[in-house]
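Participant: Residue numbers (the working numbering), protein chains in the order written: chain A, 78 to 477; chain B, 54 to 378.
Read the hints as simulated data drawn from the structure, not as lab findings.
Please note: incorrect hints may appear among the correct ones.
[Claimed, not checked] Computed beta-carbon distance windows for the label pairs:
| hint | chain 1 | residue 1 | chain 2 | residue 2 | range |
| --- | --- | --- | --- | --- | --- |
| 1 | A | A190 | B | D194 | 48 to 56 Å |
| 2 | B | I70 | A | R390 | 39 to 47 Å |
| 3 | A | A190 | B | R196 | 51 to 59 Å |
| 4 | A | A147 | B | W190 | 49 to 57 Å |
[Said to hold, decoys possible] Covered stretches of chain A (chain B as the covering partner; in silico rule of three or more C-beta atoms under 8 Å from a C-beta of chain B):
| hint | region |
| --- | --- |
| 5 | 317-330 |
| 6 | 437-449 |
[Stated by the list, open to error] Listing some non-contacts, in silico: residues in chain A with all C-beta distances to chain B over 12 Å:
| hint | residue |
| --- | --- |
| 7 | V84 |
| 8 | I86 |
| 9 | E127 |
| 10 | E163 |
| 11 | P181 |
| 12 | V200 |
| 13 | L306 |
| 14 | S310 |
| 15 | G311 |
| 16 | L313 |
| 17 | H350 |
| 18 | T388 |
| 19 | I415 |
| 20 | V416 |
| 21 | V462 |
Beta carbons are placed, not taken as given, at the ideal position from N, Cα and C, and that holds for glycine.
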Amino acid sequence: MRNLWNVTIKDMLIVGKDRGAWIFLLITPLIVITVASFALGPAFEGGSIEAELLLADEDGGAVSSGLVEAFRKNENVVVVDAGRGECEALEKDGQEYEVALVIPAGFSGAVEAGGRAELEVFVDPNSNITRPFLVSVIQGTASRLSAVEVAAKVSVLEVMKVAPGADAAAVAGTAAAAAASELEDEPVQAAISNVGGVEDLNPFDTQAPGYSVMFMLFGVMTAAEGLLLERESGTLGRLLVAPVSRASILGGKLLAQFAIAILQITLLFTVGHFVFGMNLGNSIAGLALMIVVTAWTATAFGILLASMVKTRRQLSAVGILSVLLMSALGGSWWPLDIVPEFMRQLGHLTINAWALDGLNDLILRGKGLDAVLPEAGVLLAYGAVCFIIGIRMFRFRSVS
Amino acid sequence: MAVTPPEIDDMPDPIVIADNLEKRFDGLTAVDGVSFTIREGQIFGLLGPNGAGKSTTISMLSTYLRPTAGDASIDGLSIGREADAIKKIIGVVPQDIALYPTLTAMQNLRFYGKIYGLGGSHLESRCRELLELMELWERRDDRVEEFSGGMKRRVNMAAGLLHHPRFLLLDEPTVGVDPQSREHIFETIFRIRDSGTTILYTSHYMEEVELLCDFITIIDRGRVIAAGTLRELLKILGEGGVIELEIAGGECPGGLTARLEGHASVTAVKQEKNRLLISSDNSAHSLPPVMRELEAAGCEVASLELYSPNLEKLFIHLTGRELRE
Ligand SMILES: Nc1ncnc2c1ncn2[C@@H]1O[C@H](COP(=O)(O)OP(=O)(O)OP(=O)(O)O)[C@@H](O)[C@H]1O
Ligand SMILES: [Mg+2]
Numbered sequence: 078m079r080n081l082w083n084v085t086i087k088d089m090l091i092v093g094k095d096r097g098a099w100i101f102l103l104i105t106p107l108i109v110i111t112v113a114s115f116a117l118g119p120a121f122e123g124g125s126i127e128a129e130l131l132l133a134d135e136d137g138g139a140v141s142s143g144l145v146e147a148f149r150k151n152e153n154v155v156v157v158d159a160g161r162g163e164c165e166a167l168e169k170d171g172q173e174y175e176v177a178l179v180i181p182a183g184f185s186g187a188v189e190a191g192g193r194a195e196l197e198v199f200v201d202p203n204s205n206i207t208r209p210f211l212v213s214v215i216q217g218t219a220s221r222l223s224a225v226e227v228a229a230k231v232s233v234l235e236v237m238k239v240a241p242g243a244d245a246a247a248v249a250g251t252a253a254a255a256a257a258s259e260l261e262d263e264p265v266q267a268a269i270s271n272v273g274g275v276e277d278l279n280p281f282d283t284q285a286p287g288y289s290v291m292f293m294l295f296g297v298m299t300a301a302e303g304l305l306l307e308r309e310s311g312t313l314g315r316l317l318v319a320p321v322s323r324a325s326i327l328g329g330k331l332l333a334q335f336a337i338a339i340l341q342i343t344l345l346f347t348v349g350h351f352v353f354g355m356n357l358g359n360s361i362a363g364l365a366l367m368i369v370v371t372a373w374t375a376t377a378f379g380i381l382l383a384s385m386v387k388t389r390r391q392l393s394a395v396g397i398l399s400v401l402l403m404s405a406l407g408g409s410w411w412p413l414d415i416v417p418e419f420m421r422q423l424g425h426l427t428i429n430a431w432a433l434d435g436l437n438d439l440i441l442r443g444k445g446l447d448a449v450l451p452e453a454g455v456l457l458a459y460g461a462v463c464f465i466i467g468i469r470m471f472r473f474r475s476v477s
Numbered sequence: 054m055a056v057t058p059p060e061i062d063d064m065p066d067p068i069v070i071a072d073n074l075e076k077r078f079d080g081l082t083a084v085d086g087v088s089f090t091i092r093e094g095q096i097f098g099l100l101g102p103n104g105a106g107k108s109t110t111i112s113m114l115s116t117y118l119r120p121t122a123g124d125a126s127i128d129g130l131s132i133g134r135e136a137d138a139i140k141k142i143i144g145v146v147p148q149d150i151a152l153y154p155t156l157t158a159m160q161n162l163r164f165y166g167k168i169y170g171l172g173g174s175h176l177e178s179r180c181r182e183l184l185e186l187m188e189l190w191e192r193r194d195d196r197v198e199e200f201s202g203g204m205k206r207r208v209n210m211a212a213g214l215l216h217h218p219r220f221l222l223l224d225e226p227t228v229g230v231d232p233q234s235r236e237h238i239f240e241t242i243f244r245i246r247d248s249g250t251t252i253l254y255t256s257h258y259m260e261e262v263e264l265l266c267d268f269i270t271i272i273d274r275g276r277v278i279a280a281g282t283l284r285e286l287l288k289i290l291g292e293g294g295v296i297e298l299e300i301a302g303g304e305c306p307g308g309l310t311a312r313l314e315g316h317a318s319v320t321a322v323k324q325e326k327n328r329l330l331i332s333s334d335n336s337a338h339s340l341p342p343v344m345r346e347l348e349a350a351g352c353e354v355a356s357l358e359l360y361s362p363n364l365e366k367l368f369i370h371l372t373g374r375e376l377r378e
């Protein structure tokens, strides 16, 4: 039991030191949620924010122009054209603007080539009235580019499975276009059809739970990868010849993952509430219960994933596909209220659907703890089944 | 570094007994009936080429793999039935670095120390002691991923030493290490031995085993092909040295080997194609009669080499193959 705790502490330490993991667990979801919420508009309509953005486009390519266009279209952003010198000067004190964006030369080329493309953002360190807003708009708009790309890749993967001869580039193009239009259209429709009757609804309320559950699942997927990495790199084997039981090793790792998943979604909701005015409903106990049982089910799903594959490569293929499928079917991207009945039933095979039924009851409909007990019960049982199958099937030694 | 292993007069007690260990992976017998005895305080060398079965043997002794047949005991505990008790008294330094790359040297050692039941100020001082021994104390707060290969090896080794194991299994701890680090690792191994730990050391470098080990077992293709102290092993080649000859133009005539063996000072003759390995009590004495025999047989000598016996030559003598292929 003491060793279980030692393993947990070690894993938390590893994740704690991993800046990339935190960006993935917290920043990425915040950006995506922000973008999805902005797509809905109403929250920032009525001139609630009007922020000036200094912008230098040194690239002038197709992608950068699209990006500039996107900023100009944003009603809450006033684009002020500038040169690099002015933008860089922002870092010094006493400037009129708070945020400047430089799109460096070669940006469009890098995005099109699927490489690493970077934007340069300069901020005035001494003033932050519009800074958080502008930075999130920049991150959100830019992340949309990569989100579209991810969706395209997954579609290609699927198509390649059924038809190895298919023209991957052509499919990717079509898929990216489809994904892009989906990103723009779907959430708008979805949210509008869902908001009837609820007053003062913040788009964050409708978007944050769905994306948070999706990113929690992505989070446990990386944790499952961490487990396989331990197996592949030999540290798991090293632990097997040390005086620590298998139950402690696995239990410790799962406990760490469980705690991280709870922390992740709690932080997302906290930021949503205090920064973006997200409504958290009327029952903190109900919310806490839903967060804990969802984290439990996600963690159990992670060990199930890890036990079904042999390598990390397989895990990312199976993992990304299943998380995206579950998110689409389970209502993470649009409410299940708008899909046909049989799709709604199919959707309830996923963790997302049950978690969101509960979370939406609390957040959108203002219900209490009692209302979410059935969903919590289903998730507990769902997690237990995944957990039992997962720990039984997991192989501690590499499969050669 | 001229370190001669101490002579063992009265034999210390056995601590490890391997009895016909066998491990089959489907279709392949990696370890094929290996037996040996390791005595308290020894540095026991397991020498063999790549794929000989060294790591597989270590994996069975450390309870990671279950033998297909045979058994072994460590300090009277059976590896099959008393694995949990064995894990507490052995230290394992695996061939592949088993550290968490993003944690610091200190964090890695602290974690492994806790797993072995250490804690508090004792754990801290033990970590410090070992990092100082490994000359890495200044780098204690750096991530292991920023270390060189040799530095990682040293931390990997420290992780196996934290709990003062009675029996330490070192699987090729010098692979990919520069000569300086290697020297340092050797010194450390002698120090650990002097503090009372018995050591199993595997390597495919004969020089290392010659230098370090009190007792050497050579394995090849899963089988023990020779075992003894360095002196005993080299005696197989003859005390006086080896004459290696290459005959010009194809094979040596039949019967030549037997005639060479007839000479009093020659202890053994091994022939592969046009190569002759002649072991003798005294190569200088044996050389003239050997040359006369060759002349009488009408063989022309293409090359000639005289050397004192070593494990590399012994391996060729026993298997007809080089140790490093
Ligand atoms: N898990 C396994 N599954 C199948 N075959 C294996 C496995 N582990 C080892 N082998 C095989 O067993 C044989 C012995 O391997 P082992 O690792 O014990 O050799 P070694 O003496 O340690 O070699 P090296 O010096 O390269 O480390 C090899 O042929 C290897 O391919
Ligand atoms: Mg090996």
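Participant: Confirm or reject each hint.
Facilitator: Here's how the hints hold up against the structure:
1. A190/A / D194/B: 48 to 56 Å: violated (39 Å)
2. I70/B / R390/A: 39 to 47 Å: The hinted range 39 to 47 Å holds for I70/B and R390/A, with Cβ atoms some 43 Å apart.
3. A190/A / R196/B: 51 to 59 Å: Roughly 32 Å apart at Cβ, these two residues miss the hinted range, so it is violated.
4. A147/A / W190/B: 49 to 57 Å: holds (54 Å)
5. 317-330: holds (count 5)
6. 437-449: violated (count 0)
7. V84: violated (8 Å)
8. I86: violated (8 Å)
9. E127: Nearest chain B Cβ is 43 Å from E127/A, so the label holds.
10. E163: The assertion about E163/A holds, with a minimum of 39 Å to chain B.
11. P181: holds (30 Å)
12. V200: holds (29 Å)
13. L306: violated (10 Å)
14. S310: violated (7 Å)
15. G311: Violated, since 4 Å does not exceed 12 Å.
16. L313: About 9 Å separates L313/A from the closest Cβ of chain B, which leaves it inside 12 Å; violated.
17. H350: At roughly 32 Å from the nearest Cβ of chain B, H350/A sits farther out than 12 Å, so the non-interface label holds.
18. T388: holds (17 Å)
19. I415: The claim stands: I415/A keeps its Cβ more than 12 Å from every Cβ of chain B (closest is about 44 Å).
20. V416: holds (42 Å)
21. V462: Non-interface label stands for V462/A: nearest chain B Cβ at 31 Å, farther than 12 Å.
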